[in-house]
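There are 4 protein chains.
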Amino acid sequence: MKKGLASDNYAGVLPEMLEAIAEANRLHAKSYGYDDFTEKAKQEFAKHFGSEVEVTFVFNGTGANVLGIGCATESFNSILCADTSHLYVDESTAPETFTGCRLIPLATNGEGKMEIETIRNSIIRRGDEHYPQIKVFSIAQPTEYGTVYTREELLSISKLLKEHNIIFHMDGARLFNAAISLKCSLKEMTRDIGVDILSVGGTKIGLLFGEAVVFFGNKYSQNLRYRQKQSMQLPSKMRFISAQFYRLLQDEIWVKSAAHANQMAIRLFEGVKDIQKIKISRTVQANSVFAIIPAQWNELLQDQTSFHIWNEKTNEVRWMCAFDTEEKNVDEFISAIHKLDNA
Amino acid sequence: MKKGLASDNYAGVLPEMLEAIAEANRLHAKSYGYDDFTEKAKQEFAKHFGSEVEVTFVFNGTGANVLGIGCATESFNSILCADTSHLYVDESTAPETFTGCRLIPLATNGEGKMEIETIRNSIIRRGDEHYPQIKVFSIAQPTEYGTVYTREELLSISKLLKEHNIIFHMDGARLFNAAISLKCSLKEMTRDIGVDILSVGGTKIGLLFGEAVVFFGNKYSQNLRYRQKQSMQLPSKMRFISAQFYRLLQDEIWVKSAAHANQMAIRLFEGVKDIQKIKISRTVQANSVFAIIPAQWNELLQDQTSFHIWNEKTNEVRWMCAFDTEEKNVDEFISAIHKLDNA
Amino acid sequence: MKKGLASDNYAGVLPEMLEAIAEANRLHAKSYGYDDFTEKAKQEFAKHFGSEVEVTFVFNGTGANVLGIGCATESFNSILCADTSHLYVDESTAPETFTGCRLIPLATNGEGKMEIETIRNSIIRRGDEHYPQIKVFSIAQPTEYGTVYTREELLSISKLLKEHNIIFHMDGARLFNAAISLKCSLKEMTRDIGVDILSVGGTKIGLLFGEAVVFFGNKYSQNLRYRQKQSMQLPSKMRFISAQFYRLLQDEIWVKSAAHANQMAIRLFEGVKDIQKIKISRTVQANSVFAIIPAQWNELLQDQTSFHIWNEKTNEVRWMCAFDTEEKNVDEFISAIHKLDNA
Amino acid sequence: MKKGLASDNYAGVLPEMLEAIAEANRLHAKSYGYDDFTEKAKQEFAKHFGSEVEVTFVFNGTGANVLGIGCATESFNSILCADTSHLYVDESTAPETFTGCRLIPLATNGEGKMEIETIRNSIIRRGDEHYPQIKVFSIAQPTEYGTVYTREELLSISKLLKEHNIIFHMDGARLFNAAISLKCSLKEMTRDIGVDILSVGGTKIGLLFGEAVVFFGNKYSQNLRYRQKQSMQLPSKMRFISAQFYRLLQDEIWVKSAAHANQMAIRLFEGVKDIQKIKISRTVQANSVFAIIPAQWNELLQDQTSFHIWNEKTNEVRWMCAFDTEEKNVDEFISAIHKLDNA
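Residue numbers (this note's numbering), protein chains in the order written: chain V, 1 to 343; chain G, 1001 to 1343; chain W, 2001 to 2343; chain H, 3001 to 3343.
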């Protein structure tokens, strides 16, 4: 199918990633992560996220989240997360299956964010054996709605969590887009905030496949390799993921890819924001635009460019930009909308 | 590291597979398997395995086995398997975690095979709620020892299983090597035998990554897509696995790759079989050679060519050939052994 | 400790239940439910709930709920339940551990009930493999707040569930109190409504221990005995639970016990409802009274009679009556409150 | 049914236990184990097993084993146990469901015991993430065949386990019978040996229901109350189990009960051991006699006295004595056998 705005999963692979794979294919290498490519990629993570990190590479985002959280929990625990988060609404029962824990959904505001008071009020019944004991708080940065928590918001959440001895997990499936949005380094938005365990998305930024799980300090990674094998997320030819991540970080390809995707979202936003019949429903801060549009436009627009109807009741739609979204694509789409608006 | 005989996981990717990936990268495609490449790959499986097959593509071999078995079991069931099988000894507790079932290990003979009497004697306490109820029998073809069950052996097992209403699962992590060895089609060795659920290995034959799960008939695949997502084995960019499998089957690249690996194993076997100090410990029928060698040779040989010590007590070693093992590599290794023998 | 209003778990055992146990102790009997007492108790359930019921007896309420639901679900399913329900907030992660499923909490109104619109709006994403597929709706009758769904409310819920092919589970930990409250038979409030699976509480009505799980029809009970053993809820000396349930139903001891407890709650309600400083916070319909009282009264009242502070923020308290609560106990407690009110 | 030799589960309740229950029923008490009866019972355990024990009370034997082991394991671990043990062959998949771990069956000798070399050889692949990591060794004392490990045997096993940092779990479903057999205290056979976690059976010795889980030291009991609730083994009216155990230990009723059952087994053994057509198949050391008898005797004998055919192929039968087996019962059964022998 032709390029659209449906998903950054519909987009393919960055050419540099295919190069990295070809490079890793020149020789034999040890399997299951005991190879040099993996070692080098880990060192690259240490450069970007600070020393004393434990890193491993897994197949997909659900695997990254579940493995990270699974390392830090026991099966009588619970996990606080946004009621709109990918972890809660798009990963089937994988979290329960693998960790055994309860997911406790927290209400989100209009920006898809959990507010500090909501989080505080959810921390209840500590030490009561009848209630699943809260152990982890998981946040998606950016959120499912393409909004980005500020560093101040994250810091106040982190402070609350530390007070209650709750582990801070961040689902960074689109972490690079958030870093570009906040104009901060990867470390400033994660480790410096107090994040304990982090999923770093590779697939959506343009890898063929692969995600990283990062532990700050080694407190929760003692059993990482056992849990990783058990969770069926230990790639035998791990080097082909590691090599991509190495290239992504070492050559700052993530900056180029994420900045471009974000810019395309802003371009789209700027092009349609003044149209009366459209309501931009969430602040545009990363690589997606959420808008409520007339329902009769759906089919006409989708004929030209694929995208998702996010909420059928309100006809809120999601337009998602990727590393390969071109200005031309965006401009044509804006034109199509204006044409409908003037029809 | 340079090429060795350690594992077909140490080997890289067939060039045709990288081509297939590049081809799949030219356009956008729907995610999670709703794309055209996946559709075409499924049709290719139907050509090779017969119509009315359900096929899906997953990340790795553990995932393929566990997903296939998980679709057919409830958590009070048990699974019969060889005590030497990958499923039993090399997949951590992934089978228990995702299926909830008990694995019941069956003794294997000197060839690493389960004999029909052993299987028959293990079918006990049917209908007794205190005993995990046997639901699946899983066999690896070839076995972990590189031996291959004959079609007659498989047929007699299949008959026994049907009598007891037990599902026949085959772990075909190296299925192509077995088909070459038996000089039969993929279908003749699986569906025609009475196999119900099949894992087809891609990684070891030369894919970048990816395995297939095949269901003959649709009896056990009703909930496949739910189970696949739940087990964290639903790739968002599935097309990049599908495209490889399509190419592998459509262009019969599997024949070339598997036949070559098997031939290299035979070449190695022929080259060393008459050496008195070496005992070939298992019949060479696929792409590996198992041998008991003098322990003092280990280090000297491994300096030249990596391989695994399979059993430290007996000093049984495994020499594994892959699609990229060259005659030159084998001949040099044979020479090195002869030199040690004559030293 | 002396009698109080803390919990119907703090109360002991009805004398008739101890008699039933002694009676069952006169001879040997087959274990694990294959005895005559269990057979007779099942027949008694058929008399009260209609024929074609499957019944078994388990140790405790969590076991009854989890076993019933576990028989009807697969691990990629989800279960709708009240966010205030015992199942959701008081059974640790037992539901996740044994069923693998997600619990999805539904908001409740001031009476602790789920409204039909709330339920309807929660039935989403049917057939979407990324979302835990809703399979069961679980309701507690009475609710945790001692309110009772009317038959009309239950019927409209049942109709909605049937339309969406969702199984109707009822947690009847205090089912007998609800039946007395609604002045209907056990069958009219369960089977006739369309309930599929039912937990019937014994412990709180005055058994030494023991709960029943009832399946209407045999659609979901095919694997009951396997699931019951697997969930560690298959008593070896089941006859001592069965004998109690037999006596409870056969001699209508449940009527006497539940009616008395409900009357004591009404007596208490009548005695305090006009006190200005007290707000009765939930309609009194079963055997408990919820009230918001001045926080400074807590300690003074609890010195005399134990009870739970249900909500520390609002100082809502729960006064729970049992089969052995005496008029004298209630009247003394009312007097103590009046004394505080006038102090 | 009349008294037989089928199972100590078929036997009823010791009169002293019913008295203890009646006593505990005189007043209200806190639920979930926060009551005085439970406190007193725990102190009684400390008297018998030494100080610094953690004790809790659960519903049944499977619950006791699974809870104890669950507290000490993570889901990527494995548990060594006898291939004939109750844990392995009679508890469905409860161990897997609740702990997530693999059970690894060890071969047993003719006495139903695991030999030290068998155990040593099973301790493999430590630190290898592909193999379920051995964490617990579980032994039944007495064994399922009514044989009893000597203290010397247990000590040598314990030494091996300590060397390998493996936790020592003992399934004492009939622990009291073993203590009588070895003429040692409960402590000498458990804590002094180096047992870490112990199940103490109440049901088979004559309780209405109830088992204890004992942790020596507090290393593995940190999360006990959470795990107990999660495993559905936290009785709300725990006092009725505690009160029985208190009485059992405090008045040494266990001595009387276990000694009697053992003596009845010996009486039976002495009465039939010289019969040529019978082969006593296991040494009689606790309260059961295993014998291979002519198959044509089964029905004739079972008409008089119920018992289990343990192995249909060899016609090995089990005759199980309990606290209420009378000399008269045994003698009549012996006579019946002699009559068949002479027929």
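There's no promise every hint is true.
Listed next, the in silico DSSO-like pairs over lysine-lysine satisfying Cα-Cα at most 30 Å (straight line) [what the hints assert, rightly or not]:
no.	chain 1	residue 1	chain 2	residue 2
1	G	Lys1003	V	Lys30
2	W	Lys2135	G	Lys1219
3	V	Lys40	G	Lys1003
4	H	Lys3279	H	Lys3040
5	V	Lys339	V	Lys328
6	H	Lys3040	W	Lys2002
7	H	Lys3003	W	Lys2040
8	W	Lys2042	H	Lys3279
9	W	Lys2002	H	Lys3047
10	V	Lys3	G	Lys1159
11	W	Lys2279	H	Lys3030
12	W	Lys2273	H	Lys3040
13	V	Lys30	G	Lys1002
14	G	Lys1273	V	Lys30
15	G	Lys1313	V	Lys42
16	V	Lys2	G	Lys1273
17	V	Lys159	W	Lys2002
18	H	Lys3279	H	Lys3003
19	W	Lys2135	V	Lys135
20	W	Lys2002	H	Lys3030
21	V	Lys135	H	Lys3135
22	G	Lys1047	G	Lys1159
23	G	Lys1030	V	Lys339
24	W	Lys2313	H	Lys3030
25	V	Lys313	W	Lys2162
26	H	Lys3030	H	Lys3219
27	W	Lys2219	G	Lys1135
28	V	Lys273	G	Lys1030
29	W	Lys2030	H	Lys3135
30	V	Lys135	H	Lys3030
31	W	Lys2162	G	Lys1219
32	W	Lys2003	H	Lys3040
33	V	Lys30	H	Lys3256
34	W	Lys2313	V	Lys162
35	G	Lys1313	H	Lys3279
Just so you know, these hints were derived from the structure itself, not from any lab.
(request) List, from low to high, the hint numbers that the structure doesn't satisfy. (result) Of the numbered hints, 4, 8, 10, 12, 15, 16, 17, 29, 33, 35 do not hold.
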